[in-house]
Amino acid sequence: MKNVIMYLNQFFGQIGGEDKADYPPAIENKRIGPATALNGMLKGGEITHTVICGDNFMTTNQDDALEQVGKLLEGLEFDLFLTGPAFMSGRYGVSCAQVCKYIKNRFGVPVITSMFEENPGVELYRQELYIMKGGDNARVMGQDLTNMAALANKLLNNEPLKGADAEGYFSRGIIKQVFHETGAILADRAVDMLIKKLTGQPFETEVKMQKAELVPFAAPLTDTGKAKIALVSTGGIVPVDNPDKIPSASATRWGRYDISKMDRLEAGEYMSLHGGYDKTYANANPNVVAPLDAARALEREGKIGSLYPYFFSTTGNYTNVKESIRMAKEMIVYLQEDKVDGVIFVST
Amino acid sequence: MVREIEKTGIPVVHLTNMVPVAQSVGSNRIVKAVAIPHPMCDASLAEEAQYRQRYQMVIKALAALSTGIKEQTVFTVF
Chain A
29 MKNVIMYLNQ
39 FFGQIGGEDK
49 ADYPPAIENK
59 RIGPATALNG
69 MLKGGEITHT
79 VICGDNFMTT
89 NQDDALEQVG
99 KLLEGLEFDL
109 FLTGPAFMSG
119 RYGVSCAQVC
129 KYIKNRFGVP
139 VITSMFEENP
149 GVELYRQELY
159 IMKGGDNARV
169 MGQDLTNMAA
179 LANKLLNNEP
189 LKGADAEGYF
199 SRGIIKQVFH
209 ETGAILADRA
219 VDMLIKKLTG
229 QPFETEVKMQ
239 KAELVPFAAP
249 LTDTGKAKIA
259 LVSTGGIVPV
269 DNPDKIPSAS
279 ATRWGRYDIS
289 KMDRLEAGEY
299 MSLHGGYDKT
309 YANANPNVVA
319 PLDAARALER
329 EGKIGSLYPY
339 FFSTTGNYTN
349 VKESIRMAKE
359 MIVYLQEDKV
369 DGVIFVST
Chain B
183 MVREIEKTGI
193 PVVHLTNMVP
203 VAQSVGSNRI
213 VKAVAIPHPM
223 CDASLAEEAQ
233 YRQRYQMVIK
243 ALAALSTGIK
253 EQTVFTVF
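Protein chains in written order, with this note's numbering: chain A, 29 to 376; chain B, 183 to 260.
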């Protein structure tokens, strides 16, 4: 029976919620939370330990946090390391993936994690590890664990893998040369494909090309003291009555708030409604997320020509990519019409 | 969203603690923020010190907006 160790964040590790996002790495020699269910699906392997770490701790203190995890595992014998599933949670997904990478490099064991395709962890780490294609929220925990177990069992029992699509993980960009299953030679297949293409018939490419989107560099401002600068934030900072009904997650709406007569955002007038971080600090002083006070002072000192009179705000938590793009395009209409020269964009 | 605004030619400086995420989504000018729940300053400091940190970070943000870059660039403050 091979040994498996699982990593969870503070929430799935049953330590606490956002208030415990700073929980430093710890290890338990038992199964906690999803590790129990996943263990029941393994064949030839047993989850012996659960490592838990707060999402903020792991993402903010990456190197130190990983070192600490490494220390906790020293002396333990394990053949496979699993993390997550992280669904759409950005911090958790990034944490799961970076822990996997660290474990793989330091201990040389195979690693598996799982998350939704729009999780930032996918693009950052897909080329380095097995990231199973997961659902976008914990309702599909059972399915995501089942998929992780399927790959885990193949690795535990040394079964050959059939490639990303067949096994259900995000393609790692590895091109492997194999003989075609039909035995047809390349030249015949290529001509076949070309004939189909020329005659308008459907065909399937054998190698998918990934198009990287390059963002052109916008020219720098020559003198911010003459520029109109806008303040935008995805930290979920809104007036306390939330007039635009911006949600705590999965935002499809944003707000424009007149800050022209304000020197700072006042607690009690503005608050945070972002569901993805501990709001205590932002609620006590919204300027720790949207720094109106500092920006206003710099405008007075002539370091900012003028602060755009409207603060743009939404919640960057489980935000769908299509919706983000649409909201940005809506913001751009105002920014262009009002001739904004530069944007200070704060994310939590 | 940062990427969409930058595409129109308006320079954007992205202040965030999660720098690798900003890089992977295509933000070109990035300032590493202090923490996730309070990006602009260390909330364990006295009020006055927190304000000074926010002030320094916005100054750095303005410097980033004024810097010509040839690749994604991370600006650090503290």
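No lab work stands behind these hints, which were simulated from the structure alone. A portion of the hints provided could be inaccurate.
[Stated by the list, open to error] For each label pair, taking beta carbons as the anchor points, the in silico distance ranges come out as:
| hint | chain 1 | residue 1 | chain 2 | residue 2 | range |
| --- | --- | --- | --- | --- | --- |
| 1 | B | Phe-260 | A | Ser-288 | 29 to 39 Å |
| 2 | B | Glu-230 | A | Gly-296 | 13 to 23 Å |
| 3 | A | Glu-329 | B | Ile-251 | 36 to 46 Å |
| 4 | B | Gly-250 | A | Asn-181 | 46 to 56 Å |
| 5 | B | Arg-234 | A | Gly-201 | 43 to 53 Å |
| 6 | B | Phe-260 | A | Asn-181 | 21 to 31 Å |
| 7 | B | Gly-250 | A | Gly-44 | 41 to 51 Å |
| 8 | A | Thr-280 | B | Thr-190 | 33 to 43 Å |
| 9 | B | Ala-228 | A | Glu-358 | 38 to 48 Å |
| 10 | A | Ala-218 | B | Ile-251 | 41 to 51 Å |
[To be verified] Restricting the straight-line Cα-Cα distance to at most 30 Å, the calculated cross-link-like pairs of lysine-lysine (DSS-like) are:
| hint | chain 1 | residue 1 | chain 2 | residue 2 |
| --- | --- | --- | --- | --- |
| 11 | B | Lys-252 | A | Lys-48 |
| 12 | A | Lys-71 | B | Lys-214 |
| 13 | B | Lys-252 | A | Lys-367 |
| 14 | B | Lys-214 | B | Lys-252 |
| 15 | A | Lys-256 | B | Lys-252 |
| 16 | A | Lys-331 | B | Lys-214 |
| 17 | A | Lys-367 | A | Lys-350 |
| 18 | A | Lys-256 | B | Lys-189 |
| 19 | A | Lys-161 | A | Lys-350 |
| 20 | A | Lys-357 | B | Lys-242 |
| 21 | A | Lys-350 | B | Lys-189 |
| 22 | A | Lys-132 | B | Lys-242 |
| 23 | A | Lys-350 | A | Lys-256 |
| 24 | B | Lys-242 | A | Lys-331 |
| 25 | A | Lys-254 | B | Lys-189 |
| 26 | A | Lys-273 | B | Lys-252 |
| 27 | B | Lys-214 | A | Lys-99 |
| 28 | A | Lys-236 | B | Lys-189 |
| 29 | A | Lys-224 | B | Lys-214 |
| 30 | A | Lys-350 | B | Lys-214 |
| 31 | A | Lys-256 | A | Lys-273 |
| 32 | B | Lys-214 | A | Lys-256 |
| 33 | A | Lys-182 | B | Lys-189 |
| 34 | B | Lys-242 | A | Lys-99 |
| 35 | B | Lys-252 | A | Lys-254 |
| 36 | A | Lys-132 | A | Lys-99 |
| 37 | B | Lys-252 | A | Lys-289 |
| 38 | A | Lys-132 | A | Lys-236 |
| 39 | A | Lys-48 | A | Lys-129 |
| 40 | A | Lys-254 | A | Lys-289 |
No experiment lies behind these values; they were computed from the predicted model shown. We treat Cβ as the ideally placed atom computed from N, Cα and C, and that holds for glycine.
How the hints compare with the structure:
no., hint, result
1, B:Phe-260 x A:Ser-288: 29 to 39 Å, "holds (31 Å)"
2, B:Glu-230 x A:Gly-296: 13 to 23 Å, "holds (21 Å)"
3, A:Glu-329 x B:Ile-251: 36 to 46 Å, "violated (25 Å)"
4, B:Gly-250 x A:Asn-181: 46 to 56 Å, "holds (53 Å)"
5, B:Arg-234 x A:Gly-201: 43 to 53 Å, "holds (45 Å)"
6, B:Phe-260 x A:Asn-181: 21 to 31 Å, "violated (47 Å)"
7, B:Gly-250 x A:Gly-44: 41 to 51 Å, "holds (46 Å)"
8, A:Thr-280 x B:Thr-190: 33 to 43 Å, "violated (21 Å)"
9, B:Ala-228 x A:Glu-358: 38 to 48 Å, "holds (40 Å)"
10, A:Ala-218 x B:Ile-251: 41 to 51 Å, "holds (42 Å)"
11, B:Lys-252 x A:Lys-48, "violated (40 Å)"
12, A:Lys-71 x B:Lys-214, "violated (44 Å)"
13, B:Lys-252 x A:Lys-367, "holds (25 Å)"
14, B:Lys-214 x B:Lys-252, "holds (19 Å)"
15, A:Lys-256 x B:Lys-252, "holds (24 Å)"
16, A:Lys-331 x B:Lys-214, "holds (21 Å)"
17, A:Lys-367 x A:Lys-350, "holds (25 Å)"
18, A:Lys-256 x B:Lys-189, "holds (18 Å)"
19, A:Lys-161 x A:Lys-350, "holds (19 Å)"
20, A:Lys-357 x B:Lys-242, "holds (26 Å)"
21, A:Lys-350 x B:Lys-189, "holds (16 Å)"
22, A:Lys-132 x B:Lys-242, "violated (37 Å)"
23, A:Lys-350 x A:Lys-256, "holds (28 Å)"
24, B:Lys-242 x A:Lys-331, "holds (11 Å)"
25, A:Lys-254 x B:Lys-189, "holds (22 Å)"
26, A:Lys-273 x B:Lys-252, "violated (40 Å)"
27, B:Lys-214 x A:Lys-99, "holds (27 Å)"
28, A:Lys-236 x B:Lys-189, "holds (26 Å)"
29, A:Lys-224 x B:Lys-214, "violated (51 Å)"
30, A:Lys-350 x B:Lys-214, "holds (26 Å)"
31, A:Lys-256 x A:Lys-273, "holds (28 Å)"
32, B:Lys-214 x A:Lys-256, "holds (23 Å)"
33, A:Lys-182 x B:Lys-189, "violated (44 Å)"
34, B:Lys-242 x A:Lys-99, "violated (36 Å)"
35, B:Lys-252 x A:Lys-254, "holds (24 Å)"
36, A:Lys-132 x A:Lys-99, "holds (15 Å)"
37, B:Lys-252 x A:Lys-289, "violated (38 Å)"
38, A:Lys-132 x A:Lys-236, "holds (27 Å)"
39, A:Lys-48 x A:Lys-129, "holds (24 Å)"
40, A:Lys-254 x A:Lys-289, "holds (20 Å)"
Checked against the numbered hints above, the structure breaks hints 3, 6, 8, 11, 12, 22, 26, 29, 33, 34, 37 and satisfies the rest.
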